[in-house]
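**Q** On the provided structure of chain A, position chains B, C, D, E and F as indicated by the hints.
6 protein chains.
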Amino acid sequence: MFMHNKRLMYTVRVSEPNPMLASLMLEQFGGPQGELAAAMRYFTQGLSDEDPGRKDMLIDIATEELSHLEVIGSIVCMLNKGVKGKLAEGNGEAEMLAEITQGGESHTLSLLYGGGSALVNSGAVPWTAAYIDTIGEPTADFRSNIAAEARAKIIYERLINVTTDPGVKDALGFLMTREIAHQKSFEKALYSIEPNFPPGKKPGLPEFADKYFNMSQGEGDMRGSWNEGGQWEYVDDREQQAAVDGGDGQASAKLKSAEKKANEQFAARTQSRPDFDPQTGADLGAGPGAGKTSSGRK
Amino acid sequence: MFMHNKRLMYTVRVSEPNPMLASLMLEQFGGPQGELAAAMRYFTQGLSDEDPGRKDMLIDIATEELSHLEVIGSIVCMLNKGVKGKLAEGNGEAEMLAEITQGGESHTLSLLYGGGSALVNSGAVPWTAAYIDTIGEPTADFRSNIAAEARAKIIYERLINVTTDPGVKDALGFLMTREIAHQKSFEKALYSIEPNFPPGKKPGLPEFADKYFNMSQGEGDMRGSWNEGGQWEYVDDREQQAAVDGGDGQASAKLKSAEKKANEQFAARTQSRPDFDPQTGADLGAGPGAGKTSSGRK
Amino acid sequence: MFMHNKRLMYTVRVSEPNPMLASLMLEQFGGPQGELAAAMRYFTQGLSDEDPGRKDMLIDIATEELSHLEVIGSIVCMLNKGVKGKLAEGNGEAEMLAEITQGGESHTLSLLYGGGSALVNSGAVPWTAAYIDTIGEPTADFRSNIAAEARAKIIYERLINVTTDPGVKDALGFLMTREIAHQKSFEKALYSIEPNFPPGKKPGLPEFADKYFNMSQGEGDMRGSWNEGGQWEYVDDREQQAAVDGGDGQASAKLKSAEKKANEQFAARTQSRPDFDPQTGADLGAGPGAGKTSSGRK
Amino acid sequence: MFMHNKRLMYTVRVSEPNPMLASLMLEQFGGPQGELAAAMRYFTQGLSDEDPGRKDMLIDIATEELSHLEVIGSIVCMLNKGVKGKLAEGNGEAEMLAEITQGGESHTLSLLYGGGSALVNSGAVPWTAAYIDTIGEPTADFRSNIAAEARAKIIYERLINVTTDPGVKDALGFLMTREIAHQKSFEKALYSIEPNFPPGKKPGLPEFADKYFNMSQGEGDMRGSWNEGGQWEYVDDREQQAAVDGGDGQASAKLKSAEKKANEQFAARTQSRPDFDPQTGADLGAGPGAGKTSSGRK
Amino acid sequence: MFMHNKRLMYTVRVSEPNPMLASLMLEQFGGPQGELAAAMRYFTQGLSDEDPGRKDMLIDIATEELSHLEVIGSIVCMLNKGVKGKLAEGNGEAEMLAEITQGGESHTLSLLYGGGSALVNSGAVPWTAAYIDTIGEPTADFRSNIAAEARAKIIYERLINVTTDPGVKDALGFLMTREIAHQKSFEKALYSIEPNFPPGKKPGLPEFADKYFNMSQGEGDMRGSWNEGGQWEYVDDREQQAAVDGGDGQASAKLKSAEKKANEQFAARTQSRPDFDPQTGADLGAGPGAGKTSSGRK
Amino acid sequence: MFMHNKRLMYTVRVSEPNPMLASLMLEQFGGPQGELAAAMRYFTQGLSDEDPGRKDMLIDIATEELSHLEVIGSIVCMLNKGVKGKLAEGNGEAEMLAEITQGGESHTLSLLYGGGSALVNSGAVPWTAAYIDTIGEPTADFRSNIAAEARAKIIYERLINVTTDPGVKDALGFLMTREIAHQKSFEKALYSIEPNFPPGKKPGLPEFADKYFNMSQGEGDMRGSWNEGGQWEYVDDREQQAAVDGGDGQASAKLKSAEKKANEQFAARTQSRPDFDPQTGADLGAGPGAGKTSSGRK
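Chains as they are written, first to last, in the numbering used here: chain A, 679 to 976; chain B, 679 to 976; chain C, 679 to 976; chain D, 679 to 976; chain E, 679 to 976; chain F, 679 to 976.
So here's chain A without its partners, still in its complex pose (with noise of 0.2 Å):
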């Protein structure tokens, strides 16, 4: 069960409104990398973890995340003070508009939102769960919840090289600081776990599992010790790199006669015939002048 304190985690001083960045702001409120997106993602899979310590860490981290939307949130409102009442109550037209347009998606957040702090992103589109990466098994939401905190903490800092205001740069720094500290959690529990590589439960099959295949060739093909090394075996030859099974590299499935029937009699009835040059929409398009097979207008 939840509960709510109604002291913010973090105090939230704005030194004057200023509707710009708070759609910036809204990055970390209603974006990918986001507040709603940590918690939520820490959340589903705190619901159906079977391992008491992780659940109980998980819980313990989607509920800080969402402490940390409140924050987030209220640097928003604030930010978007100014021109809220202004707007509702509808004093200055010309004034108005300049205001909320002069940047941004300012304008979007206060026609739409009234100046609230929308589960939108930076950019005006709203939150999906589509953000969420949960799978269900731990050796791979660990990894996924460690880049999560990765994200959210670049993020935080880009929003910190952009803002002047110190209050605001104040909190940034607390809230960046707390990813730092989640990623390190998620870590442990991780790796606590052995082994946790490959992750899941299958074996990788061992003649494909220490291949590198080179794919882009040409001049800046560079080695490394991700594609070098007792580990790896390096594939440069396009021959070797194609059907690598050593069968045909086609596609089959063995079909029913019917379903063969029906088959050819739609290939049939489809066919592009490659033996002849019919005239086309574009030929009748490009004009009297044109020719059968114009290129452009002459």
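Honestly, the hints are just simulated from the structure, not real lab data. Accuracy of the hints is not assured; some may be wrong.
Each pair may be met inside one copy or between any two copies, as identical chains are not told apart.
Stated by the list, open to error - Straight line, CA to CA, 35 Å or less: simulated DSBU-like cross-link-like pairs of lysine-lysine:
1. Lys-733 - Lys-847
2. Lys-934 - Lys-889
3. Lys-684 - Lys-733
4. Lys-889 - Lys-932
Note that the structure is a prediction, hence the values are computed from the model and not measured.
**A** Coordinates of chains B, C, D, E and F only, in the frame set by chain A:
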């Protein structure tokens, strides 16, 4: 520049068409952990990476993932090959209906995509770039890549667990193994950056980087290396979890007087008076015999 | 700040796993009328509401909805618990396939989410913030809240109607009833604003506020208090429904001469001449024996 | 059957093109509270409503909303008319770039939609049927309709507040007023159902219908008619908020032995051991001088 | 202005309710090739088209498509009519569950939409304006319209192929045929623009307009009128496919020195050193017995 | 199998970074008419096409479009190269804020994607497979391909019209021209199918294939080859537009008696009585002085 060789990277041999299995396989064609997501994740990173070794590797692997996309897509097409011609040519209404609705999403895929391989997941949800978590910072992106490979490996493992067709199982084994190999390469590249933790450039604030907040309390609280030991300060006390900056835990913004006034007008106009008990729409709706504050129908 | 208590708000007792029922229950976990939508609707309103009483209530109820989210998510996890381990450990391919494809979306949820509770609706569509209709004006938002509670109540009612498991039915009854209680609170808060109709600040234009336009005509036209009686002027005449301002019903804009000229160039370049009958791609495509204006195959 | 009269429902007179204002207006063309959403909400309800009076009204109003869609779309087209021809005909690159990027989303709309009126909101997000909250139960749907009209009224009010063009302002006033009229009709239809509260058929459970849980506590706790008075039981005690059914607040499911065993295997394989402190990827990544449990860079 | 006549454009006679068939029919109600998509495609084009003849036709056909939307929606409602009342009134739990989960998405549609006709496709995915490809240039838009009519015709053909109910089949035949008629009108309008190829205003660059690049090579390479004959230059040589401008095939930008310096800092900070072989998280995760570069579990 | 050559298909030379122009260019990277959409449209068709010539061509062109995706993505990266390092390294807050918010979506792209090329359109909307209209029937799909090439050609034309950088303009000219060449190939393939109109297999019903319904009437009605001439029967009379099958224009379904009864219960429970005039929530909300049926505030 991309080029194409008409042989598949792995030969596909399907024993018999099965539209339902086809719809499961779509998970790795147009699903969040699928091959298009993988290819696009690495391709977008490769385009902007400044490090020549990583750039090379990212395009190598992106290209391989496109080749995997072709393999899994060919599996889908072969599994759908029985229903395709019959639907197109209209051979047998009732039988057709039964065949495409035997389970899962196969009816959608047949109706809308004509038995082809569509960029949707196994639940028919269209692929979205919201699945791509590239953010342009290698110390975060490579953690994302490691996690993505881990997730893809698991989905292949689950697909193998529900497949009985030996040719499909065989190809899935190859695809699963390659995710392991890619994860290894990405791990090497990440750890070749020194240091890579915390990700990005800014260090954490020392006062918040080692704290663990026990936000979820009750029976089931656990300790482990993720919240216990030399590096962790464990914060249990609810009072110390709020307003950790030592402030009042409130959100505030300095407003200009016109802003303040507009907000006050807005607040006055929309005040919910706590001091009287209005008749409401629910009261009206509960009906004449229900009394003023009915909680349900009598 | 949010906190968490390890006990659920309501005890969950599932009689036997049932992945199909699990996928139905997701409607209230990650669906449009579900608990996350409710929690986020009230949370975003609460963050920016200027009225202390409403702000308190909104966060109270948002927090309760998060606790409901945990209850319904726990129901989903329990209903999926039979398939989860088997899928992860690979115990029995054919049986597994049958089990997860017995109906609905259970295969998607198993494959992609490993039998956890995902933020998708019962049709596997990811949750989106497009479900949230918060706009930051209490005289509108509280009507939205009343409506949202009414909808959620109905979905729970339907879930109860299709469930036979007594423990699940019991918990659903609790959740359904709380929507009724929340609706009552929101009604009280709305009607404590005086006046609250019309919503917002601007009055309607008297010449259009009492008209009812009978746009759909024919057998079935009906009158009732919604379009009949002292307050309504019923407009039946098609002529009086168009251009109700008394103008010509056209759209016009004053253009600068360069703008006008560019538009004229554009119009001239792309004119469809009404005065001749071109041969078309359809004519070509209908085949040699079809005549110029074939409507179908001969 | 729908028919069309070439005159608009309201004459549109735009003083001068303004692509930025055009992009704001899109909020009511392709936005969540816009005219397409309104038309489709009532149309889908009207198709399945069993009550002849409501069915008639729903189609009347749906048809009027389609006519409003045409009015607002015509406003958008007129406001874009200055940029449209110039972009199509390529008159003046640098000027063009400046003109379409002066603010907001106008560049997107020009580039992608050629200066037409697209079904996107003012932030360029495509319209989605996720905005439609029709659920097929009149006691809920008509509350949704009332709320939707209230929201639409507010968005028009805000658009009027940021518009200086008198012709646009005039048409917006008409559109805003009609939302008030529609709300009145929907209110009448709702309250003509007796009883209509609680919505749907099932009554609430008496033990939970009158409780108010004070989930958010601290300075700012308030009482009002929404949680105080004869009908309400106010639950303040955290202990009485959890497991309100009197159970243990845990989630459980009865599993078959094979299910149990598979889950145990899964748990054992993926256990995070709490009893030792592993070296982690973060430790490796923090660099040689960082010590085993670095919280940041030294 | 739109108006409505209470008679459908085509009479709908359903032999018996069938929720599964209803969910298939949704493909043309709320699916990508369905009637709403058609209506909105032509309506948005019609609003901004400068040509009076095309404008008239676009609104004629948009209006007819809305009338078709009503027909297909009515079919859905009739097919759902058996389940609707039972679900709402709660008559028979177990039977209800079986009935709505017999296949496809019918459970979602019943639960969430109460047996109405929702703006989703047959896979329950909400309609999105991303389906609309209007771009405001008639020489492109009319080709889109021709293609859209062709696709819609095919989906109706497939629906007819899976339907046994004679009344439904009959109405589908009407709807299918109208797509053919509309395609003919759009073809006429397109070819009445002279010239209409290439679409738009700018001619192609002669050096690239007639080349065909054989990018996919191997067994299965074919020639036909699409890449062979007088108009085509066939480019087979991989060397001549890259950097066709004769340059070095690299991407470059001229940077200011501050920009250059910042990029160099970034590159240095995040360099993956190719010259040493780090221990990685995968190495840690493979477990103590696995060796430094395990490719799988031993 | 796909392979990659490190040289681009066209050399990219950017004169100076310009994040705003970068965001415009994204239209053809991650937008609906962009290169990923093109590549995936042809790739999915190629995988399932039964005709060897078309299959070859589709994969040829899909591969070329992937190569174009790389070119346009490289343009985006080069245009963003000025802001990228500065944002990552934190060089200059205020300057940074100004630079990334000078217009359009550049702030989103910088913040969220770090100045890389993301799979979003110029309005920051993530790419979705809803853009792909492949349905698996060549007589429809090739019309879709022709239309898609036409649209892409226009977007490139518009991008050229707003670009002053000569290197970018040059590359855009190449990309635009290739769309013309592709359209020509697709036209040839379509018209090599005989017949190809009507698309698919079923002929239209003769009684409906040649009718043109004049649904939009009034000043502006026009005739042209699209609705006039030997092939067309022009239906003007509103009566003849409804119920064209000669029936009553109603929707009906034969119900079993239990179904009928449940529906009647539902209708009775939710009836809106037309015979009395209820007090409503709007009446309550309009305030004491407003009278029972206030249309606005007095």
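**Q** With reference to the structure, classify each hint as holding or not holding.
**A** Comparing the hints with the structure gives:
{"no.": "1", "hint": "Lys-733 - Lys-847", "result": "both (33 Å within a copy, 26 Å between copies)"}
{"no.": "2", "hint": "Lys-934 - Lys-889", "result": "neither (38 Å within a copy, 42 Å between copies)"}
{"no.": "3", "hint": "Lys-684 - Lys-733", "result": "both (26 Å within a copy, 10 Å between copies)"}
{"no.": "4", "hint": "Lys-889 - Lys-932", "result": "within (31 Å within a copy, 39 Å between copies)"}
In this structure, only the earlier hint numbered 2 is contradicted, and the remaining ones agree with it.
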